[in-house]
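**Q** If you read the sequences in order, they're chains A and B.
Residue numbering for the first sequence follows my numbering, starting at 1 and increasing by one per position.
Residue numbering for the second sequence follows my numbering, starting at 1001 and increasing by one per position.
Some hints could be false.
[Unchecked claim] Interface residues of chain B toward chain A, partial, derived using beta-carbon atoms under 7 Å:
1) LEU1142
2) GLN1153
3) GLY1158
It is worth saying that the hints were derived from the structure and are not from the lab.
No residue lacks a Cβ here, since even glycine has one placed at the ideal position from N, Cα and C.
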Amino acid sequence: MTQSITPTGSQGISKTIMNGLGRHGVVLALALLLLFGAVRYEHFLGLFNISTVLRYNSMFALVALGMCFVIMTGGIDLSVGSTAALGSVVAALLSPYGVIIGTLGGVFAGLVIGCINGLIVTRLRILPFITTLATMLAASGSALLLSKNQSVSVSYESGFTELGQGDFLNLPIPAIIAGVFYIIASLVLNLTSTGRTVLAIGGNEDASRLMGLRTDRIKFLVYLASGGLAGLAGVILASQFGAGQPIEGVGWELFAIASVVVGGTLLTGGVGSVGATLAGVLLLGLIFNILNFENGLGWISLSAYWQSVIRGLFLLVVVILQARLSRPND
Amino acid sequence: MSDLVQSAPNSRSFRWQDFFARHGTLIVLLALLVFNMIATPNFLSVRTLNVNLTQVATIVIVAVGMTMVIATGGIDLSVGSLMAIAGALAPLIFLGKIVHFGNIYVAVAVAMVVSVLVAGAFGWFNGWLITHFKIQPIIATLVLFIAGRGIAQVVTNGNLQAFKVPQFQFIGLDRWFGIPVQVIVMIILVAAATWTMRNTLFGRQILAVGGNERAARLCGMPVSKTKRWVYFISGICAGIAGLVVIAINSSSDANLVGLGMELDAIAAVAVGGTSLSGGRASVLGTLMGALIIQLVRFTLLANGIPDAAALVVKAAIIVAAVWLQRQNGARA
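Whole structure, please, built from the sequences with the hints as guidance.
**A** Below you can see the structure in the form of structure tokens.
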């Protein structure tokens, strides 16, 4: 699923293997972590644990998917966390009108923020980092204004909570939603000209524009999609926890960036993989899960605070490996 | 640096647009001050001045280091977490939880020096990742953004450390000559950084690295060394800011100290006119940028507008300020 233009010819076999390791390292690491958990803990691969992990991490998966596309164009979106918070508040406020209205409302709020991001980046030509830093504040402020500074409980009569808490064919509904979006995104990236243009922009924006690709339009769409997905993640957040939470989502953007990076997508753009991003999300999510199981065994007791230290170390190892492996032939 | 590029005939005729774009930060700051003098009751008092300066001091202290980092074309996302580390470490030392000191003054001195240096060491680690492994600054500092707060939480077990140690808390609570001590610290740091950027070889090297790293390297400049120093300085600044925050609060909460500070500092730098792509730096601009953001918030709050709405206005100001500077940069 990884897309890039690789130089062919003079590379040695070992280099190819190293490259492959770098590309699929995250999938390998995920498999090893799963194996470790399956051998060590009794209920690790039980239906309950799997569905809990998938249900909780589907929000991050959606946010990371949008981030992945933004990063592939060479941009960044810092606003996703507070956009999700805004989405959760809007969805909770609209939840009495049913699950459809609530969902549409939350996603729409996300699309509005994404639209603003896209317009500022493509029309005013302000760096994505600054643009989305500003809209992050704006989204957070709007969420607090709409919710009057407190969490908004959702309506339990309208069936809105089913979206986040329900199951379909024994699979958590949020995970199914995330799965569908990952499949669509993968198809878009690999099979459509839009997808190829996303990578082309990240590879060399000026060249892409000179070749007649509609770079601004695609960039706009990418930020729009990122906003919409963040809004959807917010809807699931509200539905899963029964409340719209204006101050949730702090740090989600950086967690999403970390997942994308762990998945091997370069922050300079032009290279990226949707599937590896999902693996990155699950890898970082499983660390918390395994920590819980380890504590459950009773031999050690690591506080939840270790989770961020371990995640940071993971990120460190991954980026150092990537830096080592992706060095030009020397 | 853009001043040099501007062609001579153009600069003879005075253009308001140019003038506004060039001195936009200062003009906005003055406009805000004038507006407040008219609209906000009791604005022109030492008390108001001190309230605003105390609130802005920690952001400016961090933003001074951030300005230098950004001038090299980098970014430092870890500053908030480094504040938490310094803030967690200092009380552990001066409360005697690690080693017992007989004299409180010795304990406080050791606590301050050690915790700030530890933050600096972590900054150095950022610089090492960036220069040795050629990792992009945003990712390299993301590592400590995530892990740093965790380290502070693990060290303190997530507990709030409350204390009442006036010998330490002068840094956030006392006044010298009527000026809050952290404001004095802020002024010293701003002055030192401004002087460094203007008058020293190190300052020129920072700008050269940010302007064109390849060219700087080919000219024989110590690019990696410059970068490592810059991240070290950013860590030191973050450490100092962490101490100020816990001194003000009389407690250290690893979950909260410095939360979101990286973005506040970057916003101040951007509004102050330092280009995020590197090669240009204005420490005084950063000071003004931070003051503008603070004054806007103060103005809105003083006039009864809720804090949440102030966030939205802050967002608009960041975009407007950066856009104005871009207009300037595009013309020059």
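**Q** Against this structure, judge whether each hint is valid.
**A** Structure-based check of all given hints:
no., hint, result
1, LEU1142, "holds, 6 Å"
2, GLN1153, "holds, 4 Å"
3, GLY1158, "holds, 5 Å"
Going down the numbered hints, you'll see the structure goes against none, and every one checks out.
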